[in-house]
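**Student:** Sequence:
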Amino acid sequence: MNFKKDIIIFSAIFLIILSKLSYSNLLNMKPEGPLNDFANILSPSTRDSLIFLSQSLWEKTKVPLILVTVKDLNGEDINEIANKLYEKWGIGEKGKDEGVLVILSVNDRQIRIETGYGTESYIPDAVASRILREISIPALSRGMWGVALKNTNIALASIIAKAHNVPLSSVINWDIKEISQKPYSSYKINPLYFLILFFILLFLLSTRTGRNLLLLMLISSINSGGRSNSSFGGGFSNRGFGGFGGGMSGGGGAFGKF
0 MNFKKDIIIF SAIFLIILSK LSYSNLLNMK PEGPLNDFAN ILSPSTRDSL
50 IFLSQSLWEK TKVPLILVTV KDLNGEDINE IANKLYEKWG IGEKGKDEGV
100 LVILSVNDRQ IRIETGYGTE SYIPDAVASR ILREISIPAL SRGMWGVALK
150 NTNIALASII AKAHNVPLSS VINWDIKEIS QKPYSSYKIN PLYFLILFFI
200 LLFLLSTRTG RNLLLLMLIS SINSGGRSNS SFGGGFSNRG FGGFGGGMSG
250 GGGAFGKF
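For the record, in the sequence shown the residue sitting at position 88 is 87 according to numbering that gives the first Met the number 0, with numbers rising by one throughout.
Please keep in mind that the hints were generated in silico from the structure rather than gathered at the bench.
The reader is advised that the hints may include incorrect statements.
Straight line, CA to CA, 16 Å or less: simulated EDC-like cross-link-like pairs of lysine to aspartate or glutamate [what the hints assert, rightly or not]:
#1 Lys161 <-> Glu119
#2 Lys256 <-> Asp107
#3 Lys256 <-> Asp76
#4 Lys161 <-> Glu58
#5 Lys95 <-> Glu119
#6 Lys61 <-> Glu92
#7 Lys256 <-> Glu86
#8 Lys256 <-> Glu75
#9 Lys70 <-> Asp107
#10 Lys256 <-> Glu133
#11 Lys59 <-> Glu92
#12 Lys29 <-> Glu86
With the hints as extra help, turn the sequences into a complete structure.
**Tutor:** Written as structure tokens, this is what we have:
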């Protein structure tokens with residue numbers, strides 16, 4: 000076995016797997032629909048409500064309201080990530096550029112509302128900042144993810160609906176109240192996982208079959224670059240959402256810490 004060559008291969012594969020474990024790779028992920036709960040912090044009923052809200056809003060206004068949750072951004076700036084993700088996913092219809100992206104990073108304790116060019120006229124930075132300050136952050140500070148995100152999206156949907164002169168009463172008249180949610184907890188990867196991963200990779204590198212398998216995994220990892228569309232348990236599905244049509248963001252919106 001060429002030891003130096005194997006060390007290089009091992010290092011490359013190890014770094015790729017580490018990148019997959021963190022959400023710095025968020026920009027390479029594909030949208031699942033209006034709700035992308037990558038941090039897995041929302042209850043099924045809250046997910047259903049958020050999907051229903053965004054789908055109803057899209058059907059009546061053609062303005063997508065997209066929500067993303069991640070455990071952390073691995074030190075990346077949430078403002079930059081939100082802007083890049085908005086354009087990478089092409090939120091909104093091309094040319095109209097109307098859309099809103101809400102992104103929450105749990106361990107970083109940060110939230111960002113990113114607005115498209117066409118949305119800035121009725122959701123200016125000051126309005127987005129007020130929503131975060133008065134609605135989102137108080138609930139997020141108490142670890143009430145579902146309450147915070149649901150009420151944040153209701154506030155945004157209300158403004159969008161009013162700007163387009165369409166009724167959204169069946170959606171936005173939900174009671175804005177506290178509901179049972181998971182308390183705040185820090186999501187950290189157990190260091191033991193990395194030790195186990197190290198020995199597994201070392202074992203695979205010791206055999207020709209193992210090295211071939213790792214090479215295939217490496218190629219597959221590079222080519223996949225995301226997640227396939229899926230639906231959550233419950234009454235509403237992320238499938239079939241048409242809010243990704245090549246829209247652009249001008250960097251408008253607001254950022255908050257909790």
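**Student:** Now tell me if each hint is right for this structure.
**Tutor:** Against the structure, the hints come out as follows:
The straight-line distance between the Cα atoms of Lys161 and Glu119 is roughly 14 Å, inside the 16 Å bound, and the hint therefore holds. Only pairs whose Cα atoms come within 16 Å are accepted, and Lys256 paired with Asp107 is accepted, the gap being roughly 8 Å. Simply put, Lys256 and Asp76 have alpha-carbon atoms about 12 Å apart, close enough for the 16 Å limit, and the pair holds. Straight-line distance between C-alpha atoms of Lys161 and Glu58 comes to about 15 Å, which keeps the hinted pair within the 16 Å bound.
At most 16 Å may separate the alpha-carbon atoms for a hinted pair to count; Lys95 and Glu119 meet this at roughly 12 Å. At roughly 8 Å between alpha-carbon atoms, Lys61 and Glu92 fall within 16 Å of each other, so this suggested pair holds. With a C-alpha separation of about 23 Å, the suggested pairing of Lys256 with Glu86 is violated against the 16 Å cut-off. The hinted pair formed by Lys256 and Glu75 meets the criterion: a straight-line CA distance of about 15 Å does not exceed 16 Å.
For the hint linking Lys70 to Asp107, the alpha-carbon distance of about 8 Å falls within 16 Å, and the restraint holds. Restraint check for Lys256 and Glu133: the C-alpha separation of about 12 Å stays at or below 16 Å, so the hint holds. As the CA atoms of Lys59 and Glu92 are separated by approximately 14 Å, the hinted pair is consistent with the 16 Å bound. Straight-line distance between C-alpha atoms of Lys29 and Glu86 comes to about 12 Å, which keeps the hinted pair within the 16 Å bound.
The earlier numbered hint that this structure contradicts is number 7, and it is the only one.
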